[in-house]
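Taken in order, these protein sequences are the chains called U and D. For the first sequence, our numbering begins at 1 and goes up steadily by one. For the second sequence, our numbering begins at 1 and goes up steadily by one.
Rather than coming from a laboratory, the hints here were simulated on the basis of the structure. Computed from a predicted structure; not experimentally measured. It cannot be assumed that every hint is accurate.
Label pairs and their calculated CB-CB ranges [to be verified]: (1) Q466(D) - V285(U): 52 to 60 Å; (2) W154(U) - P318(D): 33 to 41 Å; (3) W199(D) - F103(U): 49 to 57 Å; (4) F341(D) - D131(U): 49 to 57 Å; (5) L319(D) - W289(U): 49 to 57 Å; (6) P318(D) - T213(U): 36 to 44 Å; (7) V376(D) - F103(U): 46 to 54 Å; (8) I72(D) - W271(U): 28 to 36 Å; (9) L30(D) - G233(U): 30 to 38 Å; (10) L30(D) - W154(U): 29 to 37 Å; (11) D131(U) - Y324(D): 22 to 30 Å; (12) G233(U) - H524(D): 41 to 49 Å.
Positions of the beta carbon are idealized from the N, C-alpha and C atoms, including for glycine.
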Amino acid sequence: MAHAHSKYYVPKPSYWPLLGCAGLLTFFVGAAHWLHHVWYGPYLLFLGATIVIMMMIGWFGRVIHENRTGLHNDWVDHSFRWGMTWFIYSEVLFFACFFGALFYTRLWSVPELGGDVHPITHILLWPDFTDQWPLMRTPDNSEFTGPSSLGNTWGIPALNTLLLLSSGVAITIAHWGLRHGKRAVLIVSLIVAISLGATFLACQGMEYYAAYTEHGLTLNAGSYGSLFFILTGFHGAHVTIGATILTVILMRCFAGHFTPDNHFGFEAATWYWHFVDVVWLMLFVFVYWL
Amino acid sequence: MTMPTQEDAIPEQPIRNGRRGLVGFLKHWLFTTNHKDIGTLYLCLSLTMFFVGGAMALVIRAELFQPGMKVIDPDFYNVLITMHGLIMLLAVVMPAGIGLANWMIPMMIGAPDMALPRLNNMSFWILPCAITLLASTIFMKGGGPNFGWTLYAPLSTTFGPPSTDFLIFSVHMLGISSILGSINIIVTIINMRAPGMTWMKLPMFVWTWLVTAFLLLCIMPVLAGTVTMLLADRNFGTTFFDAAGGGDPLLYQHLFWFFGHPEVYVLILPAFGVISQIIPTFSRKKLFGYGRMVIATGAIAFLSLLVWAHHMFTSGLPLGAELYFMYATMLIAVPTGIKVFNWVATMYRGSLSFETPMLFAVAFIFLFTFGGFTGVMMAIAPSDYQYHDSYFIVAHFHYVLVPGAVFAFLGAVYYWLPKWCGRMYDETLGQWHFWLTFIATNVTFFPMHFLGLAGMPRRIPDYALQFGDFNAIASVGAFIFGFAQLIFLYNVIHTIRSGKKASAQVWDGAEGLEWTLSSPPPYHSFQTPPKIER
């Protein structure tokens, strides 16, 4: 709006988006074939993923190059900021879907099956089922055997909360270092932030391992297991993506790409990382704690 | 009203990557980052799929022409209704709306292009990939998806054919495309407006698209999450939608309709925008109550996020929920009514003329309102028990989608085609197309109201004898409708190839930045932002 005198940079035709589409199609076709136990399914999936990653490297590399050769003015910068904002908004709604499923299951469908709402459903379907959460005994416990026990909320999950929150603090310190031209602070805090993220993922791996081997909390363990794994799983995937983004940002810091007044790539990564943090807090409260 | 001028030279053609011939042609369209090229691609895809989805509808109507199993077997009938629904919604109406947005928004707000041109290319090219994946399910072992476009669990989980997994991934791709496209549209409208193009000067079409894109960002991620849960229930032994493990099939319906209800507003809001552009032009008056129109658009979108369970009145909801969803749904009639009254008020004492775009717009006002009224009837929970899953609902949603969205977009093509290609369409053919379409639409869908009220269920390939006459009439109407669209196809191709030259202004009552550009407009619309007076 306020950029009347500058010119907006409109990129030339590019083959990266089309390559990305081809990669996505290959990825999804591979995934579907893998689910149907066709031998080439996994190969297609990994081929598709490789194409998508190559596309990202090429496309984002191009954007970085344009930025560094001065083609991006404030006007273009605003587009990127708004673009990232709305992207994170769509991610919020993606998680909202699973949280909605969690609340509905917990507050409505399990009580209904337990006879708290309409006794007739309870009496006709599974009269032995009692309403409980977390769901340790499912209505049809022979088909979907509920977990035998659950991990301690104040064990690994609390530690993970601490790890992610400290990581959020570290990245804020890194941003402070970047804005004040303190390169050592920037790089050290960024490395700390990424390491905390990686530790989080390792802890979650251990937690999953224990869930399957000790607690019998699996994908087949009824609704609690289903919701537990889809929520923490997609969150874990987002931590992985976030940590990868931060690693790329670290490399760019080493390469000296950012200046105190031009570092939107860095800021976008921190926005994403904080978003992942907030989702985890919700998870900790509603999946592990309450 | 048309003022063809001979001196309007066709502006320079875009450089096709320095190469001619097939390679140059392919490179141009595959790699393009230009909003006009991408808009054209969306519209061509939409028109192509309109005929594909329409052909499916004709097979369905052929089967229903007489009672008894006549043409296809029941399972394939189910596949056809599923595919017809998904294709018409996701591959015809949505791409048509996004195509118009791509073409018109940068020109209407005085921008050089969309804010994120490469992302724009990706949003488009994901679509043909996703649609190919979707259509390929028809030919798969075990048959295509046969549970209707709503993909209700457990029909799609326990009883779904193997091809359902491919369908789910196709929905994921369509979702990615819509999310990227919506981000682009929102960012363009926020950031690319020319100096002086303040919020309350935006053309209504731009406003409706801002709201639509916001709605898409609210619902598409939810759909992605929901079908992911379907996928997990089908393949990984989870029990989101299975009561045996503590889940609930109703949860699927809630999540789906949280997407599904705003989705119908995603389809109709851009149509509202088109009508709000066409009516003032051919009334030669400003849009009546612009500010109220903006507020009404926002109110419709906001309410649409809060009314989803009116699709589930017979699924078993608590009484309190039925009451809430009934009243909230009826509330939507208020802002929609504001829109209808404002269009009519715009026409009141205007200097009216009835070229093809205006005919479609006026028909839209009548028939969309009619479809809206049947919507209010079904919002009343106790009456809905009678109408639910009958042909009445089929009549209702076809009345809001065909004379609603489809008429608006056909009108939009007639309205803007002279601007896009610099050539005027054949008005006589346009009028023929309109009247045939208008009559055929009513012949097809009006009898369905009676069928539904008399108790004919939807999604059934065979029916009791007493429904025979109305079904026969509907089938005749459907075939007239289908073949009338060939006139449109011919008219569009003929216009592009050899229509008479059109002036920059095209319509003498038209206002807005897009009419200040030449016809066809330069490859990059506004290299330097125009100054907006007033």
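Quick rundown of the hints versus the structure:
1. Q466(D) - V285(U): 52 to 60 Å: holds (59 Å)
2. W154(U) - P318(D): 33 to 41 Å: With a Cβ separation near 37 Å, W154(U) and P318(D) satisfy 33 to 41 Å, so the hint holds.
3. W199(D) - F103(U): 49 to 57 Å: At 36 Å between Cβs, range violated.
4. F341(D) - D131(U): 49 to 57 Å: holds (51 Å)
5. L319(D) - W289(U): 49 to 57 Å: violated (34 Å)
6. P318(D) - T213(U): 36 to 44 Å: At 41 Å between Cβs, range holds.
7. V376(D) - F103(U): 46 to 54 Å: violated (31 Å)
8. I72(D) - W271(U): 28 to 36 Å: violated (52 Å)
9. L30(D) - G233(U): 30 to 38 Å: holds (36 Å)
10. L30(D) - W154(U): 29 to 37 Å: Once the Cβ atoms are compared, 55 Å apart, the range 29 to 37 Å for W154(U) and L30(D) is violated.
11. D131(U) - Y324(D): 22 to 30 Å: holds (24 Å)
12. G233(U) - H524(D): 41 to 49 Å: holds (45 Å)
The structure does not agree with the numbered hints 3, 5, 7, 8, 10 stated previously, though it agrees with the rest.
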